[in-house]
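Peer 1: Sequence:
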Amino acid sequence: MGLFDKLLKGAVDAIDNAAAKNGNGPTGLKDLFNQAMDKKDEAINGSSSTTASSKPSTATTSSSSKRSNCAYTRPKYTTPQEVLDTASIPAKPSRKIEFEVFDGENAEIRVKVTFNLSGDFLETAGDVHYLASYLPTIDDDYDADYSDSNTPLFGVLDVDDEIIYNMSEKFDKGGVPENAMMFLPVNDMGPRARFKAKVENRGKIEYLYYCPLYDYMPDFKTCFTVSYTHNVVGTPLEKKLMAAVDEAVRTMKREVLEVEHRPFR
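The numbering of the sequence shown is the numbering used here, which starts it at 5 and goes up by one.
Read the hints as simulated data drawn from the structure, not as lab findings.
Since the structure is predicted, the reported quantities are computational estimates derived from the model, not experimental observations.
Don't be surprised by glycine CBs; every beta carbon is placed ideally from N, CA and C.
Certain hints may be false.
[Said to hold, decoys possible] DEER-style ranges, computed between Cβ atoms:
id	residue 1	residue 2	range
1	Asp-219	Gly-179	35 to 43 Å
2	Met-246	Tyr-150	17 to 25 Å
3	Thr-239	Gly-178	22 to 30 Å
4	Lys-177	Ser-153	32 to 40 Å
5	Asp-89	Glu-166	32 to 40 Å
6	Asp-147	Gly-178	39 to 47 Å
7	Lys-243	Asn-110	40 to 48 Å
8	His-265	His-234	48 to 56 Å
9	Arg-206	Met-246	15 to 23 Å
[What the hints assert, rightly or not] Computed cross-link-like contacts, SDA-like style, restricted to lysine to any residue with a CA-CA straight-line distance of at most 20 Å:
id	residue 1	residue 2
10	Lys-100	Leu-161
11	Lys-80	Asn-235
12	Lys-96	Lys-208
13	Lys-243	Arg-258
14	Lys-80	Asp-152
15	Lys-116	His-133
16	Lys-100	Ala-129
17	Lys-208	Gln-85
18	Lys-208	Gly-130
19	Lys-116	Gly-194
20	Lys-80	Met-185
Could you put together the complete structure from these sequences and hints?
Peer 2: Put into structure tokens, the structure is as follows:
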């Protein structure tokens, strides 16, 4: 509070005290002064004054609320009812999916990865090993660039997300990941599957398996995952989506295709 503000506050206090002694108080000047200081601080600093009245103005409260929402509230996604209802439709026959990765200290090992995925998922463009949207009522004649934040999404990717990466890193070091909605070590889904988990991440739910595909690059944490909105949790659709990931991991195979010999230079 600057010198002028202090002088003004002193005058307000003096007027209120004098009025009280003469039986004419309170005048309400303190509330007006505190509201004025609050608006001044908000205009200068973008925050409310700690001396604000116990009855702040409506404009101050509304402005503060809007800033808070913009800064901290994630978008809320909702899967439509017609999509939830597709849980009762039998899954389309699974199809074989394949892609390649390069392993080795100098990426000299070419590896093919294959797995089976429910035909309810159709491939979608994305910068990961494989990405597919849950589109059980659409045939193969569709836009491969289709994207909808409310549609369940299957993916195989090298994780760069902090939550899942840290879980995998902690597990690799013998620890037990925390703050997961569900976590379970896996020892009956092949040598690559380490654990499965369910986490809340970026406003959605993810059901995933940690399946490292690299023998020489431990920093690459590969996951088979499906993401969906909160209103899918506990529904028959969630079970259908989880079953698709279970099948993909259970049928996943890794085959070395070629090793390029690179003499030391």
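Peer 1: Below or equal to 20 Å on CA atoms is what counts here, so check Lys-243 against Arg-258.
Peer 2: Since the Cα atoms of Lys-243 and Arg-258 sit roughly 27 Å apart, the hinted pair is violated (cutoff 20 Å).
Peer 1: Does the alpha-carbon distance linking Lys-208 and Gln-85 stay inside the 20 Å limit?
Peer 2: It holds: about 17 Å lies between the C-alpha atoms, which stays within 20 Å.
Peer 1: Run the distance test for Lys-100 versus Leu-161: straight-line Cα separation, threshold 20 Å.
Peer 2: The given pair, whose Cα atoms are some 17 Å apart, holds under the 20 Å limit.
Peer 1: Hinted pair, alpha-carbon criterion (20 Å max): Lys-96, Lys-208. Please report holds or violated.
Peer 2: Violated, at roughly 25 Å.
Peer 1: Tell me if the straight-line CA distance from Lys-80 to Met-185 falls inside 20 Å.
Peer 2: holds, 19 Å
Peer 1: Taking the Cβ atom of Asp-219 and the Cβ atom of Gly-179, is their distance within the range 35 to 43 Å?
Peer 2: violated, 22 Å
Peer 1: Does the alpha-carbon distance linking Lys-80 and Asp-152 stay inside the 20 Å limit?
Peer 2: Holds: Lys-80 and Asp-152 sit about 13 Å apart, inside 20 Å.
Peer 1: Holds or violated: Lys-116 with His-133, Cα cutoff 20 Å?
Peer 2: holds, 11 Å
Peer 1: Within 17 to 25 Å: is that where the Cβ-Cβ distance between Met-246 and Tyr-150 falls?
Peer 2: holds, 22 Å
Peer 1: Compare the distance between the alpha carbons of Lys-116 and Gly-194 with 20 Å, and conclude whether the hinted pair is satisfied.
Peer 2: Answer holds: Lys-116 to Gly-194 is near 16 Å, not above 20 Å.
Peer 1: Using the Cβ atoms, figure out if Lys-177 sits within 32 to 40 Å of Ser-153.
Peer 2: Roughly 34 Å apart at Cβ, these two residues keep to the hinted range, so it holds.
Peer 1: Given a hinted range of 32 to 40 Å, is it respected by the beta-carbon distance of Asp-89 and Glu-166?
Peer 2: holds, 35 Å
The structure is inconsistent with the numbered hints 1, 3, 12 and 13, although it conforms to all the rest.
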